[in-house]
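Starting from the given sequences, assemble the full structure and let the hints guide the process.
Residue numbers (full-length UniProt numbering), protein chains in the order written: chain A, 1 to 197; chain B, 1 to 197; chain C, 1 to 197; chain D, 1 to 197; chain E, 1 to 197; chain F, 1 to 197.
Because the hints were derived from the structure by calculation, they are not lab data.
Keep in mind it's a predicted model, so treat the numbers as computed, not measured.
You may find that some hints are simply not true.
A pair holds if it fits inside one copy or across any two, identical chains being indistinguishable in the list.
Simulated pairs of lysine-lysine, BS3-like, Cα-Cα distance not exceeding 27 Å [unchecked claim]:
id : residue 1 : residue 2
1  : Lys181    : Lys94
2  : Lys133    : Lys116
3  : Lys5      : Lys107
4  : Lys86     : Lys11
5  : Lys107    : Lys97
6  : Lys11     : Lys133
7  : Lys181    : Lys116
8  : Lys97     : Lys181
9  : Lys86     : Lys97
There are 6 protein chains.
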Amino acid sequence: MNYMKLERLAKIVEALKTTPRTGWLLRGVYPAIAETIAAHMYESAVLALMLGEELRSCGIEVDPQHAAAVAIVHDAAEAIVGDIVKYTAEAMGKELKERIEVEAARKEIPSVLLLKLLEEYVAQNTMESELVKIAEMLSTLIQSLRYIQHGFSSVSEIACSTAQGIDKILNGDIRLACLRKTLQRYIDMGLRYCSKK
Amino acid sequence: MNYMKLERLAKIVEALKTTPRTGWLLRGVYPAIAETIAAHMYESAVLALMLGEELRSCGIEVDPQHAAAVAIVHDAAEAIVGDIVKYTAEAMGKELKERIEVEAARKEIPSVLLLKLLEEYVAQNTMESELVKIAEMLSTLIQSLRYIQHGFSSVSEIACSTAQGIDKILNGDIRLACLRKTLQRYIDMGLRYCSKK
Amino acid sequence: MNYMKLERLAKIVEALKTTPRTGWLLRGVYPAIAETIAAHMYESAVLALMLGEELRSCGIEVDPQHAAAVAIVHDAAEAIVGDIVKYTAEAMGKELKERIEVEAARKEIPSVLLLKLLEEYVAQNTMESELVKIAEMLSTLIQSLRYIQHGFSSVSEIACSTAQGIDKILNGDIRLACLRKTLQRYIDMGLRYCSKK
Amino acid sequence: MNYMKLERLAKIVEALKTTPRTGWLLRGVYPAIAETIAAHMYESAVLALMLGEELRSCGIEVDPQHAAAVAIVHDAAEAIVGDIVKYTAEAMGKELKERIEVEAARKEIPSVLLLKLLEEYVAQNTMESELVKIAEMLSTLIQSLRYIQHGFSSVSEIACSTAQGIDKILNGDIRLACLRKTLQRYIDMGLRYCSKK
Amino acid sequence: MNYMKLERLAKIVEALKTTPRTGWLLRGVYPAIAETIAAHMYESAVLALMLGEELRSCGIEVDPQHAAAVAIVHDAAEAIVGDIVKYTAEAMGKELKERIEVEAARKEIPSVLLLKLLEEYVAQNTMESELVKIAEMLSTLIQSLRYIQHGFSSVSEIACSTAQGIDKILNGDIRLACLRKTLQRYIDMGLRYCSKK
Amino acid sequence: MNYMKLERLAKIVEALKTTPRTGWLLRGVYPAIAETIAAHMYESAVLALMLGEELRSCGIEVDPQHAAAVAIVHDAAEAIVGDIVKYTAEAMGKELKERIEVEAARKEIPSVLLLKLLEEYVAQNTMESELVKIAEMLSTLIQSLRYIQHGFSSVSEIACSTAQGIDKILNGDIRLACLRKTLQRYIDMGLRYCSKK
Numbered sequence: 001m002n003y004m005k006l007e008r009l010a011k012i013v014e015a016l017k018t019t020p021r022t023g024w025l026l027r028g029v030y031p032a033i034a035e036t037i038a039a040h041m042y043e044s045a046v047l048a049l050m051l052g053e054e055l056r057s058c059g060i061e062v063d064p065q066h067a068a069a070v071a072i073v074h075d076a077a078e079a080i081v082g083d084i085v086k087y088t089a090e091a092m093g094k095e096l097k098e099r100i101e102v103e104a105a106r107k108e109i110p111s112v113l114l115l116k117l118l119e120e121y122v123a124q125n126t127m128e129s130e131l132v133k134i135a136e137m138l139s140t141l142i143q144s145l146r147y148i149q150h151g152f153s154s155v156s157e158i159a160c161s162t163a164q165g166i167d168k169i170l171n172g173d174i175r176l177a178c179l180r181k182t183l184q185r186y187i188d189m190g191l192r193y194c195s196k197k
Numbered sequence: 001m002n003y004m005k006l007e008r009l010a011k012i013v014e015a016l017k018t019t020p021r022t023g024w025l026l027r028g029v030y031p032a033i034a035e036t037i038a039a040h041m042y043e044s045a046v047l048a049l050m051l052g053e054e055l056r057s058c059g060i061e062v063d064p065q066h067a068a069a070v071a072i073v074h075d076a077a078e079a080i081v082g083d084i085v086k087y088t089a090e091a092m093g094k095e096l097k098e099r100i101e102v103e104a105a106r107k108e109i110p111s112v113l114l115l116k117l118l119e120e121y122v123a124q125n126t127m128e129s130e131l132v133k134i135a136e137m138l139s140t141l142i143q144s145l146r147y148i149q150h151g152f153s154s155v156s157e158i159a160c161s162t163a164q165g166i167d168k169i170l171n172g173d174i175r176l177a178c179l180r181k182t183l184q185r186y187i188d189m190g191l192r193y194c195s196k197k
Numbered sequence: 001m002n003y004m005k006l007e008r009l010a011k012i013v014e015a016l017k018t019t020p021r022t023g024w025l026l027r028g029v030y031p032a033i034a035e036t037i038a039a040h041m042y043e044s045a046v047l048a049l050m051l052g053e054e055l056r057s058c059g060i061e062v063d064p065q066h067a068a069a070v071a072i073v074h075d076a077a078e079a080i081v082g083d084i085v086k087y088t089a090e091a092m093g094k095e096l097k098e099r100i101e102v103e104a105a106r107k108e109i110p111s112v113l114l115l116k117l118l119e120e121y122v123a124q125n126t127m128e129s130e131l132v133k134i135a136e137m138l139s140t141l142i143q144s145l146r147y148i149q150h151g152f153s154s155v156s157e158i159a160c161s162t163a164q165g166i167d168k169i170l171n172g173d174i175r176l177a178c179l180r181k182t183l184q185r186y187i188d189m190g191l192r193y194c195s196k197k
Numbered sequence: 001m002n003y004m005k006l007e008r009l010a011k012i013v014e015a016l017k018t019t020p021r022t023g024w025l026l027r028g029v030y031p032a033i034a035e036t037i038a039a040h041m042y043e044s045a046v047l048a049l050m051l052g053e054e055l056r057s058c059g060i061e062v063d064p065q066h067a068a069a070v071a072i073v074h075d076a077a078e079a080i081v082g083d084i085v086k087y088t089a090e091a092m093g094k095e096l097k098e099r100i101e102v103e104a105a106r107k108e109i110p111s112v113l114l115l116k117l118l119e120e121y122v123a124q125n126t127m128e129s130e131l132v133k134i135a136e137m138l139s140t141l142i143q144s145l146r147y148i149q150h151g152f153s154s155v156s157e158i159a160c161s162t163a164q165g166i167d168k169i170l171n172g173d174i175r176l177a178c179l180r181k182t183l184q185r186y187i188d189m190g191l192r193y194c195s196k197k
Numbered sequence: 001m002n003y004m005k006l007e008r009l010a011k012i013v014e015a016l017k018t019t020p021r022t023g024w025l026l027r028g029v030y031p032a033i034a035e036t037i038a039a040h041m042y043e044s045a046v047l048a049l050m051l052g053e054e055l056r057s058c059g060i061e062v063d064p065q066h067a068a069a070v071a072i073v074h075d076a077a078e079a080i081v082g083d084i085v086k087y088t089a090e091a092m093g094k095e096l097k098e099r100i101e102v103e104a105a106r107k108e109i110p111s112v113l114l115l116k117l118l119e120e121y122v123a124q125n126t127m128e129s130e131l132v133k134i135a136e137m138l139s140t141l142i143q144s145l146r147y148i149q150h151g152f153s154s155v156s157e158i159a160c161s162t163a164q165g166i167d168k169i170l171n172g173d174i175r176l177a178c179l180r181k182t183l184q185r186y187i188d189m190g191l192r193y194c195s196k197k
Numbered sequence: 001m002n003y004m005k006l007e008r009l010a011k012i013v014e015a016l017k018t019t020p021r022t023g024w025l026l027r028g029v030y031p032a033i034a035e036t037i038a039a040h041m042y043e044s045a046v047l048a049l050m051l052g053e054e055l056r057s058c059g060i061e062v063d064p065q066h067a068a069a070v071a072i073v074h075d076a077a078e079a080i081v082g083d084i085v086k087y088t089a090e091a092m093g094k095e096l097k098e099r100i101e102v103e104a105a106r107k108e109i110p111s112v113l114l115l116k117l118l119e120e121y122v123a124q125n126t127m128e129s130e131l132v133k134i135a136e137m138l139s140t141l142i143q144s145l146r147y148i149q150h151g152f153s154s155v156s157e158i159a160c161s162t163a164q165g166i167d168k169i170l171n172g173d174i175r176l177a178c179l180r181k182t183l184q185r186y187i188d189m190g191l192r193y194c195s196k197k
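Below, the structure written as structure tokens:
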């Protein structure tokens with residue numbers, strides 16, 4: 001029975017490791033070079049550790065390792081539900097999308113701890129989950145800049161929207177202000193693609 | 001302005017050519033070898049031509065070339081909406097999924113003809129659109145058997161469900177009975193994977 | 001026996017789905033990201049539908065769906081013969097190349113309808129087959145521009161030659177003149193690469 | 001200056017995301033489908049969370065989230081040093097290899113926290129770092145079984161050695177005994193490949 | 001001018017490095033994992049060295065290093081002409097195919113030495129060129145066995161035909177008899193696929 | 001027994017054909033498009049033939065075919081040891097690295113001739129092995145320029161270092177001066193990336 005739990009988890013992780021993020025694919029990034037959901041969560045987790053460390057050096061109370069754990073799990077429901085793009089999420093309503101994801105996670109993820117971390121991310125009511133939100137967007141922004149460098153210009157739409165998203169979060173919560181000095185250059189690089197059409 | 005329509009269509013086709021079907025990816029098929037939506041529609045169209053020809057030889061009135069045209073377009077909305085998997089489609093309701101897809105197509109596909117073909121497929125109220133449904137499922141079944149041969153055993157779930165689906169359609173419409181002699185062997189191969197767990 | 005026909009067709013489609021076009025490969029496009037013959041025929045078919053629609057709106061009599069069916073099949077012989085590049089086609093003579101392809105198709109393609117569509121394309125004696133010729137070249141031109149954007153500069157040779165080819169066909173048949181307004185911008189983009197060496 | 005730290009970290013993560021593990025490549029796994037170092041660390045982190053949860057349910061004191069953070073970083077030095085295979089590690093001596101890795105990490109990883117986590121892993125003197133060692137080997141074992149299923153039989157050597165390695169660790173530390181019920185089936189699957197030559 | 005020769009050679013080598021062999025592609029091997037012409041010539045060259053060494057140990061006069069040089073060049077004309085499959089070669093006639101290849105090589109390969117080596121291979125009138133023929137077929141046989149192991153069963157046709165080809169050459173030239181002890185096992189493995197249909 | 005030698009050699013060549021060079025991977029080149037060790041040796045061998053021919057035309061005594069044979073084998077030890085990057089080679093000491101490689105080759109490469117060629121390369125005490133050193137660096141330089149064109153800017157570091165390396169060797173041995181006219185343009189292209197940071 002414990003073995004079955006591990007086997008089910010391994011199937012979920014396998015899906016996360018072989019499924020690229022839909023946003024890249026729909027913008028012309030070739031599947032053979034498209035970032036997977038697992039790779040995205042990996043980068044988010046590393047960035048959460050570093051940004052968490054930075055927040056602490058500014059005197060903000062946050063647990064970077066807890067944030068990293070949240071980051072590792074934050075998109076895990078996509079192993080069952082798939083990576084639903086923004087257009088569809090808006091068309092179906094953000095609440096419905098999240099409800100479907102959480103339900104799928106509850107049914108399929110064989111670990112109370114993993115599930116709790118995922119639900120914390122969806123709820124967005126802790127400092128750590130907020131931090132993961134930023135780390136997640138920063139990871140997407142950085143990857144979009146890589147693809148733009150490799151000639152995938154349609155991706156600039158994502159560079160713009162994630163830069164705007166990070167900027168907005170930093171403006172909305174005074175505790176995060178100390179991340180500006182680290183993030184501003186990347187935000188600026190992303191915003192440069194907003195004017196272009 | 002006409003140029004812009006072509007440019008928009010080219011963007012849609014590009015997305016269809018670089019986006020693999022989610023069903024394969026979530027079952028561990030590597031992105032570098034995963035069938036794209038465009039390739040799937042291509043195979044569906046070829047099969048629709050051949051099965052349509054067969055139906056005609058049985059005296060059924062159907063236009064294989066019209067079916068091929070429907071097949072070419074039947075998943076085109078996924079260029080905007082993404083390829084939503086069965087689990088999610090069921091969780092959100094098939095009607096909502098189809099409504100979002102048709103709306104996306106109406107907004108983004110710059111051709112009245114293409115749009116009409118897609119809507120015909122969704123409505124499923126012509127012999128040709130029914131034929132495309134079979135061709136589409138047969139294409140999925142054949143591709144799943146290829147992946148199983150290459151060692152992707154999780155895909156057997158799809159082999160089973162598509163075989164069952166084709167069988168059910170053939171049972172449900174007497175005009176299609178004449179396709180049995182062509183399809184039965186593939187249906188049997190797919191059904192073999194239903195018992196396995 | 002019917003089953004065997006389907007199996008043979010499935011083998012042919014498989015080859016078309018896994019074989020990239022030689023023109024890209026020989027110009028340094030990596031196999032993992034090179035457009036397959038099937039993907040090319042797919043894009044040609046979609047473009048044929050749209051350009052056919054446009055011709056009709058100019059009062060030209062043409063059946064876009066018939067053109068799409070031709071497009072889906074036009075390179076199918078390459079599943080047996082391989083994708084023979086221009087250099088070799090010229091060295092062996094265009095007639096020999098076409099004869100070998102048609103013979104291969106006759107021997108291997110298990111469908112009278114598919115074969116008829118392919119032969120119509122080779123004969124180039126209907127409005128629809130001419131339309132597919134344009135759609136096929138436009139598809140190649142558009143894909144070449146994508147590769148150029150991704151840094152594959154050797155491909156510019158193909159951008160130039162297909163732009164010239166489309167231009168020539170439009171000049172040669174007055175009925176096609178109405179496509180200029182849609183195609184001129186792409187032709188111009190392609191021609192820009194003719195002067196560069 | 002803070003920006004530069006982020007830029008340097010992004011370069012390191014990029015390398016981890018594009019570099020497959022050498023062990024797979026040298027055993028004939030194609031680069032296009034070979035697991036990257038980042039994907040391996042991702043799977044290790046998820047497994048560390050779940051196994052840590054299990055240990056806690058057995059009354060063992062361990063912080064699963066801390067273990068996950070260690071897992072995320074444990075191979076990060078390979079972004080500079082490369083993934084050195086067992087043969088070479090043994091030839092040069094395990095100490096030298098670790099010294100080079102730690103020195104590289106100290107010079108290049110722009111985060112005190114990340115560095116501390118990596119050093120904890122190398123030292124192997126906490127419950128969490130021991131747990132990551134198991135999770136890392138389990139991740140390798142599971143991935144080797146996937147490759148064997150896909151026909152890469154040379155990989156069975158790794159399935160055997162990691163299964164033996166996990167078994168040995170479980171035998172060596174009584175606190176880990178409670179993981180047996182979860183891990184035994186995977187260990188057995190791996191050991192099955194030891195006898196084969 | 002010398003620089004231009006190097007640039008032209010680099011273009012040819014680039015094509016050989018990015019173009020997979022058509023035989024694999026048409027039998028369903030995915031482009032992302034298909035052996036390139038360059039990789040095939042590489043393996044042929046290594047095998048030529050080893051088999052040449054073996055021949056010498058049997059007292060046969062042959063220069064293994066000269067054979068390796070021939071092997072490195074033997075398919076270089078395919079960078080211009082493409083990799084023409086057996087079906088097409090037979091349809092157009094082997095002589096025409098070789099004439100086109102040699103003419104292409106003469107026009108495009110900017111090195112007298114490389115050209116001479118290629119012509120020696122085509123002429124098949126030296127011990128070394130005969131040895132390369134065997135090495136080339138052995139390389140194809142070995143690669144086909146790898147693909148069969150990975151589940152590409154259509155490739156067995158090539159395993160059979162190359163095994164038969166090697167066997168025939170060994171029978172045809174008494175000097176090569178000493179290679180039997182090395183090659184028989186591989187020949188047998190290939191022949192096993194001849195009976196299967 | 002002879003058969004076993006061939007089987008062992010085939011395993012080594014397989015590893016060389018599926019293992020990309022670490023230098024590309026660590027600089028962000030995607031595995032699916034990264035040059036393998038075999039492809040690198042192939043290009044080195046072709047360049048060695050051509051540069052050897054050039055040296056001879058300048059009256060320098062050198063055997064281009066012997067150089068090609070050395071080139072084909074020069075990195076073969078990496079099939080066992082892996083491709084150790086410059087950073088690590090320097091950290092462990094060049095002598096240790098070479099000793100490990102030569103020992104691995106002696107143990108695993110089942111051919112006296114291949115081994116002798118490899119040892120000649122490591123010793124760098126013949127004109128041919130020196131020529132292969134240049135060809136090897138030129139091959140790396142040319143490939144780095146290709147990747148830079150495709151948007152992988154981190155690779156410019158390698159373009160610079162190989163250009164400097166070739167320049168230094170040409171300066172160090174008067175017999176090689178005659179290669180300047182062929183190589184200077186490539187050296188210049190590489191050096192252009194030295195100033196950039």
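Please write out, lowest number first, the hints stated earlier that are contradicted by the structure. 1, 8
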